[in-house]
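Asker: Chains as they are written, first to last, in UniProt numbering: chain A, 1 to 145; chain B, 1 to 145; chain C, 1 to 83; chain D, 1 to 83.
Keep in mind the hints are simulated off the structure, nothing from the lab. These numbers come from a predicted model, not from an experiment. Be careful, since some hints might not be right.
Computed list of lysine-lysine pairs in DSS-like fashion (alpha-carbon distance at most 27 Å, straight line) [unchecked claim]:
(1) A:Lys135 <-> D:Lys51
(2) A:Lys135 <-> A:Lys122
(3) B:Lys135 <-> B:Lys122
(4) D:Lys51 <-> A:Lys56
(5) B:Lys122 <-> B:Lys82
(6) B:Lys56 <-> C:Lys51
(7) B:Lys135 <-> C:Lys51
(8) B:Lys122 <-> C:Lys51
Derived contacts from chain B toward chain A, CB cut-off under 10 Å, selection only [stated by the list, open to error]:
(9) Pro51
(10) Thr54
(11) Leu142
All residues carry an ideal CB built from backbone N, CA and C; glycine is no exception.
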Amino acid sequence: MDIRVQAEPFDAGAELNRFAARRGDSGAVVTFSGLVRDDGGLRHMEIEHYPGMTAKALTEIAERAQARWDLRDVLVIHRHGKLRPGEQIMMVATAGAHRAAAFAAADFLMDYLKSRAPFWKKEVTGDGAEWVAAKDTDEAALDRW
Amino acid sequence: MDIRVQAEPFDAGAELNRFAARRGDSGAVVTFSGLVRDDGGLRHMEIEHYPGMTAKALTEIAERAQARWDLRDVLVIHRHGKLRPGEQIMMVATAGAHRAAAFAAADFLMDYLKSRAPFWKKEVTGDGAEWVAAKDTDEAALDRW
Amino acid sequence: MTLDVLYFAWLRERIGLPRERVETDAATVADLVAELTAREDRYAVAFQDLKALRVAVDQELTDFDAPLGTAREVAFFPPMTGG
Amino acid sequence: MTLDVLYFAWLRERIGLPRERVETDAATVADLVAELTAREDRYAVAFQDLKALRVAVDQELTDFDAPLGTAREVAFFPPMTGG
Chain A
1 MDIRVQAEPF DAGAELNRFA ARRGDSGAVV TFSGLVRDDG GLRHMEIEHY
51 PGMTAKALTE IAERAQARWD LRDVLVIHRH GKLRPGEQIM MVATAGAHRA
101 AAFAAADFLM DYLKSRAPFW KKEVTGDGAE WVAAKDTDEA ALDRW
Chain B
1 MDIRVQAEPF DAGAELNRFA ARRGDSGAVV TFSGLVRDDG GLRHMEIEHY
51 PGMTAKALTE IAERAQARWD LRDVLVIHRH GKLRPGEQIM MVATAGAHRA
101 AAFAAADFLM DYLKSRAPFW KKEVTGDGAE WVAAKDTDEA ALDRW
Chain C
1 MTLDVLYFAW LRERIGLPRE RVETDAATVA DLVAELTARE DRYAVAFQDL
51 KALRVAVDQE LTDFDAPLGT AREVAFFPPM TGG
Chain D
1 MTLDVLYFAW LRERIGLPRE RVETDAATVA DLVAELTARE DRYAVAFQDL
51 KALRVAVDQE LTDFDAPLGT AREVAFFPPM TGG
């Protein structure tokens, strides 16, 4: 298990290759990458987090996924600070012997990470800055698990 | 849409980075990588395919995914020929504005690719060679969609 | 009519060749299978259990009762195992 | 007891500080919120709708009726928007 919370950019491709090579007994690797969408108006995004709690919360979520599915490995990287359009915000990767577990676990990690890890996004446009509101559907997504 | 059928190895990480950079309006990218599992006994795997049909079948599957979900882009790479333990067999990637569509489409692509694209795997061990049997669960997985 | 008939995976190995040209008047895939089966034991053995086989006509998956019409290529193979 | 009280995102902006030390005898999170709310308008405004807020005690998510016990750190924030 590899959990990282950092301000620095990361190379998603290099992380995928490293992750896939680490456990040769995994037949299936799923990744999710979240990017700052370039929708024209956005200047940059600011991600605030709760330093004392973040790594702990991510570790708990990853442990839950590992307890529930037959996984060989889990990776979570989440950035904070100032991010520009097109930049990677975060990434999860799951490795398993079979594809169903790898898919379900990555999907689960994203749902939990979205609503249970202490990050808050603020979008800065030409008109000012606005905190991103949590969606009811994000909270509802947790009921799937 | 980018569909490739090839004997040559590919760099999954480089493909992910290129894919994620291609459409800046995508907030969510999901990848699935299938690897030759190193379970001790396997010497190598041979993947046979039906050259006239393969690219066509993969394109049809990808088009079905694009018709069903709001996707910005789809990538499918599948190798054939001789592959050693640890090597990448194939990869799919989906990009969307939102994570639910990217996840569902990648999962769908894998289910269809597994049972509807003309590839056949043979495993070569010290004891001889054996064709991998399709699983009933693979066929049943299609009913999910 | 003249058809290209293709075999893949263990079917190719049992029949002993990857493709052949076949002169036939078969109206459906099933008719073609019956003709091939009547030829030689290796075909009869290979086509013994049609439920364990799949067929594509002109590179589209179809059923064994599909008409051949003006088809040019018929391929037989076991269930696919890609991914 | 002495608590570190932390605020994040728009709650931090409305209250105007990221953390403060609070002397309190509050038995529960709700008691602590009542004490803060009684202090000044900016707290009352910030804590107006508790349904729009989340709380963590000693870095674990919990409910507003949770006891404070021997807690050392209480954090208030809007629903999280990671990922």
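Asker: With a cut-off of 10 Å, does the beta carbon of Leu142 of chain B approach a beta carbon of chain A closely enough for the hint to hold?
Answerer: Violated - the Cβ of Leu142 of chain B stays beyond 10 Å from chain A, reaching only about 13 Å at its closest.
Asker: Would you mind confirming whether the straight-line C-alpha gap from Lys135 of chain B to Lys51 of chain C stays at or under 27 Å?
Answerer: holds, 14 Å
Asker: Given the hinted pair Lys51 of chain D and Lys56 of chain A, is their Cα-Cα distance within 27 Å?
Answerer: holds, 24 Å
Asker: With a cut-off of 27 Å on the C-alpha distance, tell me whether Lys135 of chain A and Lys122 of chain A pass.
Answerer: Distance ~14 Å between Lys135 of chain A and Lys122 of chain A Cα, so the pair holds.
Asker: So if I understand the rule, the pair passes when the alpha-carbon distance is 27 Å or less; does Lys56 of chain B with Lys51 of chain C pass?
Answerer: holds, 24 Å
Asker: For the pair supplied as a hint, Lys135 of chain B and Lys122 of chain B, confirm whether the alpha-carbon distance does not exceed 27 Å.
Answerer: holds, 14 Å
Asker: Min Cβ distance, Thr54 of chain B to chain A: is it shorter than 10 Å?
Answerer: Hint violated; Thr54 of chain B Cβ to chain A Cβ min 20 Å, cut 10 Å.
Asker: Going straight from one Cα to the other, do Lys122 of chain B and Lys51 of chain C come out at no more than 27 Å?
Answerer: holds, 20 Å
Asker: Below or equal to 27 Å on CA atoms is what counts here, so check Lys122 of chain B against Lys82 of chain B.
Answerer: holds, 9 Å
Asker: Under the criterion of a CB-CB separation shorter than 10 Å, is Pro51 of chain B in contact with chain A as hinted?
Answerer: violated, 25 Å
Asker: Does the structure keep Lys135 of chain A and Lys51 of chain D at a Cα separation of 27 Å or less?
Answerer: Judged against 27 Å, a Cα distance of about 14 Å means the pair holds.
In the structure shown, a violation is registered for the earlier hints numbered 9, 10, 11, in ascending order.
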